[in-house]
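J.: Sequence:
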Amino acid sequence: MTYNWQQPDWGQFTFDAHALEEVLTAYLEASSRLLGMLMALPASVAMEFNVETIAREALGSSATDGEVLDSRNVLAAIRNKLGLNSKPENVHDLRAIGLCEMLGDARKSFEQPLSASLLFKWHRQLLSYRQDLASLGHWRQGKEAVVILSGPIARQRKHFEAPPSFRVPPMMDQFIQWFNSSSEWPAMQKQGAVIRAAIAHLYFESIHPFESGNGRIGRAIAEKALAQSLGLPAPFSLSKTIASDREGYFRALEKAQRKNELTSWVQYFATCLLKAISDAEQLAAFIVSKTRFLEKYSASLNERQLYVVHRMLGEGTNEANMGMNARRYCSITGASKATATRDLQMLHRIGALKQHGSGRSTGYSLNIGLQGDL
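To convert, note that position 362 of the sequence shown is 362 in this note's numbering; the numbers rise steadily by one, no gaps.
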C-alpha cells in the first residue's frame, strides 16, 4: 500500500469541481449570512462571541487529539491573551496557556504569509512546556518512521506512515510555497476557499512535520486559509465540529491520505464547515438572548439566585443542560432546601424560569427563548 506522498502526483491534488458545486455554494451562503448576523451585534456581545469561539476551537482541537482541557482554564487563558482582565487570571494548565497563545497568534496574524518561522513559533507557543521534545520549534528529526497506529499493542492497526524526516524540509518548502501562492488563484476565491483550506489541512497533516502537535497546528492552518478569504479570523469553530465526531474525522483523513484525488475529502470538510457555521449562529443567538435575560432580571435577584442563573447560562445553548431543581440548587449555593425552594419559586414567578413537573419531580429551566432575529 502506498500513501499520498509516495505517489507520482503528490502535490498535484485534483477534485471534481462540478460535484462540489452544491456544498461550496451552501458554504458561501451560510458564511455570508453569519457575517451579516455578527455585524449587527453590540460590541460587548461581539467580544463575548469572539472569546467563546476561540474557547470552542481550543477545547475542540485538544479533544480531537485526545486531550481534555478544563473550560475555565481555557477561558481564563483567552481573556489574559486578549487583555480583557485588569489583572491576569491564574491559569493552572500549561497546555491551555500554550494552545490559547498559539490560537491567539494565528488569529492575529491571519493576513501574514505562511512561513517556516511562523510555524516554528506556533510550535514553541503550543508545546513550550514539553521538556521531552527533542525538536521543539523545528522540523522533526531522527531516523525512525513516524507511524499512526491504533488499538491494543498486540493487535495494532496502521493508519498512516509519514514521510521520513530528511524529506520534511523540502516538502514543507513546497507546501508553504503552495499555500501562499494559492491564495491568489482565481479558483481559490470565494467558494474555492473551502477547497484551499481542505487541501492545506490534509497536505500539512500528511507531511506531519513536527514531533508533536501536528493536528492542532494543521487545523489552525485550515482556519488561516478560511480567514484570508473572509477577511477576518474565522467566526466559527471547525475543531468543535470535528471533535463531535472524531472517528468520522480520522476515517475521512485516512481515506484521503491514500490518493491525491480529493473530492470526497473536500466534501467532508465542507460539511464540517456548514455544521460549524450553524453552531456559530446558535451561539450568537444564545449570547444575545443571555444578555437580554440578564438585563431584564439581574436587578431583581439575590446573590444566590444570580450565581445560579450565571451557572445555568454558562452551560450553553442546549436547554437540556440548563436544568435546575431544589437539590441541585442546595448543592451549588449551600442553601437549605426551604430557601432553595423559595428562591426557585420566586424565579419562576417573575418569569425567569420555566417549571417542569410537580412535587418531588419539580424542575426548572431558563426561560431564555433564543433570539433568531438579531
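Keep in mind that the hints were calculated from the coordinates and are not lab data. Keep in mind that this is a model prediction, so the values were computed, not measured. In this text, a Cβ means the ideal position worked out from N, Cα and C, and glycines have one as well. Honestly, I wouldn't trust all of these hints.
Result set (DSS-like, lysine-lysine): computed pairs, CA atoms no more than 25 Å apart in a straight line [what the hints assert, rightly or not]:
#: 1; residue 1: Lys-354; residue 2: Lys-337
#: 2; residue 1: Lys-87; residue 2: Lys-158
#: 3; residue 1: Lys-121; residue 2: Lys-108
#: 4; residue 1: Lys-296; residue 2: Lys-259
#: 5; residue 1: Lys-158; residue 2: Lys-255
#: 6; residue 1: Lys-296; residue 2: Lys-275
#: 7; residue 1: Lys-275; residue 2: Lys-255
#: 8; residue 1: Lys-108; residue 2: Lys-87
Computed Cβ-Cβ distance ranges for the label pairs, DEER-style [stated by the list, open to error]:
#: 9; residue 1: Leu-82; residue 2: Thr-271; range: 27 to 33 Å
#: 10; residue 1: Pro-169; residue 2: Glu-89; range: 36 to 42 Å
#: 11; residue 1: Gln-177; residue 2: Leu-94; range: 29 to 35 Å
#: 12; residue 1: Ser-86; residue 2: Gln-141; range: 52 to 58 Å
#: 13; residue 1: Lys-108; residue 2: Ser-358; range: 48 to 54 Å
#: 14; residue 1: Ala-46; residue 2: Ser-86; range: 18 to 24 Å
#: 15; residue 1: His-310; residue 2: Ala-46; range: 19 to 25 Å
#: 16; residue 1: Glu-89; residue 2: Gln-7; range: 46 to 52 Å
#: 17; residue 1: Ala-46; residue 2: Ser-358; range: 49 to 55 Å
#: 18; residue 1: Glu-184; residue 2: Trp-10; range: 42 to 48 Å
#: 19; residue 1: Glu-21; residue 2: His-92; range: 45 to 51 Å
#: 20; residue 1: Ala-46; residue 2: Arg-167; range: 43 to 49 Å
#: 21; residue 1: Ser-181; residue 2: Arg-246; range: 38 to 44 Å
J.: Which numbered hints are broken by the structure, listed smallest first?
T.: Hint check: 2, 4, 6, 12, 17, 18, 21 fail, others pass.
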